[in-house]
Amino acid sequence: MVYYISIALIGVGIYGLISQKNLFKHLVSLSIIDTGVNIFLISIGYVEGKEAPIYSMFTLTANFVDPLPQALVLTAIVIGIGILALGAVLVVRVKEKYGTLNVEEMKDVRR
Amino acid sequence: MISLLIAIPLLGAFISIIWKKAVGILLIITPVINLSILAILRPTLVEHLGGWKAPFGIPLVLDNASYITLFIINSIFLILILSLNRDLLDRNYETVLLILLTSTSGLALTGDLFNSFVFLEITAVSSYILAYHNKNPYGAYKYLIIGSVAGTFYLLSTILTYVNTGSLNMAHVS
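Chains as they are written, first to last, in numbering that gives the first Met the number 0: chain A, 0 to 110; chain B, 0 to 173.
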């Protein structure tokens, strides 16, 4: 069931990236695609009825979910935040130079 | 010894922030040190980072292909620095150039699929900054959108490989 949510989020993000004309909405669509992929990664490692992968004196038998996709998602979230911040800087520069964020209203831009 | 090939340009990038006057020498000296390390080493070496063996840790592999790739990367970087237009250095791009050398060396050396994704993203981010020019920020923005969507799908294919084979190591997957 979770797979359908992540596939729908990736589809919504790609549709927004293609159809929208505002540059800030491109950043929002990019963030939505990132979130969809991260939900897919988490749902890969999830096993029904297992516990969080923390070793302690109360967990004598290893009854864990797969911890590797969670480590991957932690790294992917950090990289996504960095790219989002760089994109926000570039959006500010575009607004300073052209005075608008709509693609069709920009003048003298090399497309 | 292999990890010095990644660590030395990263150290140079940190030094170039602190010590602004040594930047011209630093950009020449870093690929020269890398080339001399490559002259000492002989191919087919494997180094396990942190002492963890292959299914759990991340290995760095120096085989024949990555040896030649690293030689070409460092030679081109040295030629580019020696023949560089001086106004590129005036825009404070030295740190980004050194990080680009770090991440391309890591991309040639790594033996782990997810680690190659991380180095790919670092390469992509530093090339977005290099592509940014004051006259055309919209071009760099388009490059960022397309490149990061492609990186996201690289991550998706990495996790599908992990599901089907149960490992992220390149030797185990193949």
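Rather than coming from a laboratory, the hints here were simulated on the basis of the structure. Where a beta carbon is used, it is the ideal one built from N, C-alpha and C, also for glycine. It cannot be assumed that every hint is accurate.
For lysine to aspartate or glutamate, the following EDC-like pairs were computed, each having C-alpha atoms within a straight-line distance of at most 20 Å [unchecked claim]:
{"hint": "1", "chain 1": "B", "residue 1": "K141", "chain 2": "A", "residue 2": "E95"}
{"hint": "2", "chain 1": "B", "residue 1": "K134", "chain 2": "A", "residue 2": "E50"}
{"hint": "3", "chain 1": "B", "residue 1": "K141", "chain 2": "A", "residue 2": "E47"}
{"hint": "4", "chain 1": "B", "residue 1": "K134", "chain 2": "A", "residue 2": "E104"}
{"hint": "5", "chain 1": "A", "residue 1": "K106", "chain 2": "A", "residue 2": "E50"}
{"hint": "6", "chain 1": "B", "residue 1": "K141", "chain 2": "A", "residue 2": "E50"}
{"hint": "7", "chain 1": "B", "residue 1": "K134", "chain 2": "A", "residue 2": "D65"}
{"hint": "8", "chain 1": "A", "residue 1": "K106", "chain 2": "A", "residue 2": "E47"}
{"hint": "9", "chain 1": "A", "residue 1": "K106", "chain 2": "A", "residue 2": "E95"}
{"hint": "10", "chain 1": "A", "residue 1": "K94", "chain 2": "A", "residue 2": "E104"}
{"hint": "11", "chain 1": "B", "residue 1": "K134", "chain 2": "A", "residue 2": "E47"}
{"hint": "12", "chain 1": "B", "residue 1": "K141", "chain 2": "A", "residue 2": "D65"}
Just a sample of chain B residues kept apart from chain A, beta carbon distances all over 12 Å, derived [what the hints assert, rightly or not]:
{"hint": "13", "residue": "L37"}
{"hint": "14", "residue": "N114"}
{"hint": "15", "residue": "P136"}
Against the structure, the hints:
For the hint pairing K141 (chain B) with E95 (chain A), the CA-to-CA distance comes to about 17 Å; that is within 20 Å, so the pair holds. Distance check on the hinted pair: K134 (chain B) and E50 (chain A) sit about 54 Å apart at the alpha-carbon level, beyond 20 Å; violated. The straight-line distance between the Cα atoms of K141 (chain B) and E47 (chain A) is roughly 42 Å, outside the 20 Å bound, and the hint therefore fails. Of the supplied pair hints, the one linking K134 (chain B) and E104 (chain A) holds, its CA atoms being roughly 18 Å apart against a limit of 20 Å.
About 57 Å separates the Cα atoms of K106 (chain A) and E50 (chain A), which puts this hinted pair outside 20 Å; it is violated. Of the pairs offered as hints, the one joining K141 (chain B) and E50 (chain A) is violated, with about 43 Å between alpha carbons and a cut-off of 20 Å exceeded. Taken as a hint, the K134 (chain B) and D65 (chain A) pair is broken in the structure, with Cα atoms around 48 Å apart against an allowance of 20 Å. Restraint check for K106 (chain A) and E47 (chain A): the C-alpha separation of about 55 Å exceeds 20 Å, so the hint is violated.
Under the criterion of a C-alpha separation no larger than 20 Å, the hint pairing K106 (chain A) with E95 (chain A) is consistent with the structure, at around 13 Å. At roughly 12 Å between alpha-carbon atoms, K94 (chain A) and E104 (chain A) fall within 20 Å of each other, so this suggested pair holds. Taking the CA atoms of K134 (chain B) and E47 (chain A), the gap is about 54 Å. The hint is violated against a cut of 20 Å. Between the alpha carbons of K141 (chain B) and D65 (chain A) the distance comes to roughly 37 Å, so the proposed pair goes past 20 Å and is violated.
Taking the minimum C-beta to C-beta distance to chain A, about 29 Å, the non-interface status of L37 (chain B) holds against the 12 Å cut. Not every Cβ of chain A is farther than 12 Å from the Cβ of N114 (chain B); the closest lies at roughly 10 Å, contradicting the non-interface assignment. Not every C-beta of chain A lies more than 12 Å from that of P136 (chain B), the closest at about 4 Å, which undercuts listing it as non-interface.
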